[in-house]
Amino acid sequence: MKNKILLTTIISFFAFCFIIFYKGLNNSNIYSPEKNIKKNIPIFITKDFFSENEVSSKEIFTGNNFYILNIWSSWCVPCKKEHPILMELSKNKSIKLIGLNYRDNLNNAQKFINELGNPYSQILIDEDGTLAVEFGAYGVPETFIIDKNKKIIKKFIGPLTLDLSKKIKSLIK
Amino acid sequence: MLASQIGYFSLILGLIFSFLLVASSIKNFNDSNKNINQKILTLSFLQLFFVITSFIGLIFSFISSDFSNETVFNNSHTTKPLFYKISGTWGNHEGSLLLWLLILTLFIFLFLVKSNEQPKKYRLLTLLFQQVIIIGFFLFLLKTSNPFNQLFPVPKEGLGLNPILQDPALAIHPPILYLGYVGSSIVFSASLSAVTQNYISKEWALHIKKWILISWFFLSIGIMLGSIWAYYELGWGGFWFWDPVENVSLMPWLTLTALLHCVLVLEKRITLTSWIVVLSIATFILSMCGTFLVRSGILNSVHTFANDPERGIFILIFLFILILLSLLIFFIFHKEKSENIKKIFWLSKETSILINNWFMMYFLSVVLIGTTYPIFLDVISGLKISVGPPFYQKLIVPFLIPFLLFMAIGPRLNWIKSKLENKLSLIIFFILSIFLAFFILKKLNLDLLINTVLISSAFYLFFITLRDFFIKKFNNFSQTTAHFSFSILILSILFNSILSSEIIANIKVGEKFQFNKGNILFEKIVKNESSNYQSVIGHFKIKNDDGKIIYLKPELRIYNQPITITSEADIKTTFLSDTFLVMNLVKGQEYFNIRYQVKPFMIWIWISVSLMSLGGLISVFKKKHEK
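Chains A and B, in that order, give the protein sequences.
Each residue of the first sequence is one higher than the one before, starting from 1 at the first, in this note's numbering.
Each residue of the second sequence is one higher than the one before, starting from 1 at the first, in this note's numbering.
In silico DSBU-like pairs for lysine-lysine, Cα to Cα no more than 35 angstroms straight-line: (1) Lys209(B) <-> Lys4(A); (2) Lys268(B) <-> Lys4(A); (3) Lys508(B) <-> Lys80(A); (4) Lys384(B) <-> Lys80(A); (5) Lys47(A) <-> Lys512(B); (6) Lys4(A) <-> Lys335(B); (7) Lys96(A) <-> Lys384(B); (8) Lys384(B) <-> Lys173(A); (9) Lys384(B) <-> Lys148(A); (10) Lys384(B) <-> Lys169(A); (11) Lys553(B) <-> Lys524(B); (12) Lys384(B) <-> Lys166(A); (13) Lys154(A) <-> Lys384(B); (14) Lys384(B) <-> Lys91(A); (15) Lys508(B) <-> Lys150(A); (16) Lys23(A) <-> Lys394(B); (17) Lys384(B) <-> Lys39(A); (18) Lys39(A) <-> Lys508(B); (19) Lys80(A) <-> Lys156(B); (20) Lys508(B) <-> Lys58(A); (21) Lys384(B) <-> Lys23(A); (22) Lys4(A) <-> Lys27(B); (23) Lys384(B) <-> Lys151(A); (24) Lys394(B) <-> Lys151(A); (25) Lys156(B) <-> Lys81(A); (26) Lys121(B) <-> Lys4(A); (27) Lys508(B) <-> Lys151(A); (28) Lys39(A) <-> Lys512(B); (29) Lys81(A) <-> Lys384(B); (30) Lys202(B) <-> Lys4(A); (31) Lys154(A) <-> Lys508(B); (32) Lys527(B) <-> Lys80(A); (33) Lys93(A) <-> Lys384(B); (34) Lys384(B) <-> Lys167(A); (35) Lys394(B) <-> Lys39(A).
Far from chain A, some chain B residues (derived; all Cβ distances over 12 angstroms): (36) Ile6; (37) Lys114; (38) Val132; (39) Lys143; (40) Glu246.
Honestly, the hints are just simulated from the structure, not real lab data.
C-beta atoms are modelled at their ideal positions from N, C-alpha and C, and glycine is treated no differently.
Could you build the full structure based on these sequences and the hints that come with them?
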């Protein structure tokens, strides 16, 4: 009798493990590393893309709204792929999209924007790539979500997808 | 082309032989003959022969770069050196499973040959259980991961082997580790069959101990090779990262170690029988669980090469069928023997072995929870977490102290009932160890209480076992060797972790980086071409704090197929310490990120693990068992 209870308990325990593992298999295990979360944005001075005037981080991140900082480059193929998603995101009034043009030729970058449209409310130039490093980027493209307190709350490595853009929208709500 | 055809058909023939073996052993089971039918041995040999043929077929396809074979196409390349073409055979999912199968059939054949003195029914049942596992693997291989899939049209060039797998330590790491894993399958089948036959006895313990020791030996060496690979190749500057896959190989090792000690008790008196069966089952289930976790891609780890849910589901179902089967057999057939009721006296070898077991189970549960908890949490609550080294260190390290002390005292006790002899020397050595640890740490300015206590207990084990070498002469030599090496292992790990130093810097060619009293000079970069990669070699001149000058040349390799950049650390090994330098490219920058580490006693970690495993191996060949 005692044995039977023990056996049933053990079997139900393993059945539970089975279900968990089975479900776990179908879960995707690709996710962005949770680094840089709640980190303050760096303080920097850089050039504006269009006017080529010097701008500082204090002037840029002034408003009381969410910012999305997107690191892009005209030579970066995945950037082209994520561009329509950025265009779509830019329609959202509560977000300010800021582009960081990473180690690019200015002419090529201009062409890129002219051809595909400009989703950004402001574009900054990162000529030698140091600014991206200060933000903690690994490469292009990369997208940082910055909240009202000027803290990085999320970072996406690689091109944005429709799923991720939905995630961004829900984050900002 | 031909080689993979032969390989494929041999595989199918091997499966057919499995069924023949099952049929003939059932037929043989109830006849009056006292010995098992010679035919079964022949069948088992033929099965082994066909699996070997199949494996050789795959090796040939790899050597001849036959890209009509999908596995070869995915994992090889014409420019790859021959050695890595061959090791590529088991460096991928399909080939490694074929190797599993090969070892499974090899071991059951050896088991049949070597177990002549055992009862016939017991041998036949072991064969049957083993065939269940073998059939499972055959089906898995043929259904979801056939290594001989044909490609048409035939591609001109292969996709290359993962370059981080092009390393000699890794080329032999999987086969050795598998010998350990699969060895535990024999223990699993044998203990299940012993349960059904009510044959758990002193004779059985004596016979199964050899198999436990053999798989323990290979498992230890296999884990060590994996760790050597991680240290030299991954360039993370450590030897154990509590990576899920490392944990998964550690878990069966813990249960197997516990089992090894329990069987020693069983050799003397019939006790702990249920526990021994549970451990035998757990060891193999955990090995299988390891295969599942590695091969299904459920975990994020350096080892998850294949990411195919279909395979995962197959192993998962197979795994749980085995669990269910073994549970049912255990509950239906197992009866505690009457001698069990006799109590175990508190001061005896049995008690100390039981204590060893408790600790092993504690370590096991820490590792098991740390490894699987993220999966459970993810499924139940959607949270993604990863459990890092601090978790394991905090939970395991403090418990090493009593563990080491018991390890020193336990073997000195007698079976059944004993008095502690030589109390004086035990105490003297204990005080000596505390003083030694205290003074060493005082000198290094690291005299935290936890460090002192840990190191003194490790020293204690060290001295006690060292003394045993002189007093006991060759009586119980293997055990003393193993325990002695374990104390060296713990000592080198401890000193390694307290004394390691690390410097991280960004540095340009020609620059000098100053630290404390030393400096690192980046002299130049040299470019080099090899058959399957290009390399950038940095020349560094390092002046250490003590004024010694060393030259290190870390490398960045750019493999062409597929394009992958790996960084090869340059490591200078001496008996006292390793110096380790690795450089990494910072994307789009002229400077390199370098990491310079001095790691004392690194080599002693490998030496002590090898010695410890050797201790186990000696015990296999020992004729007379301990008194």
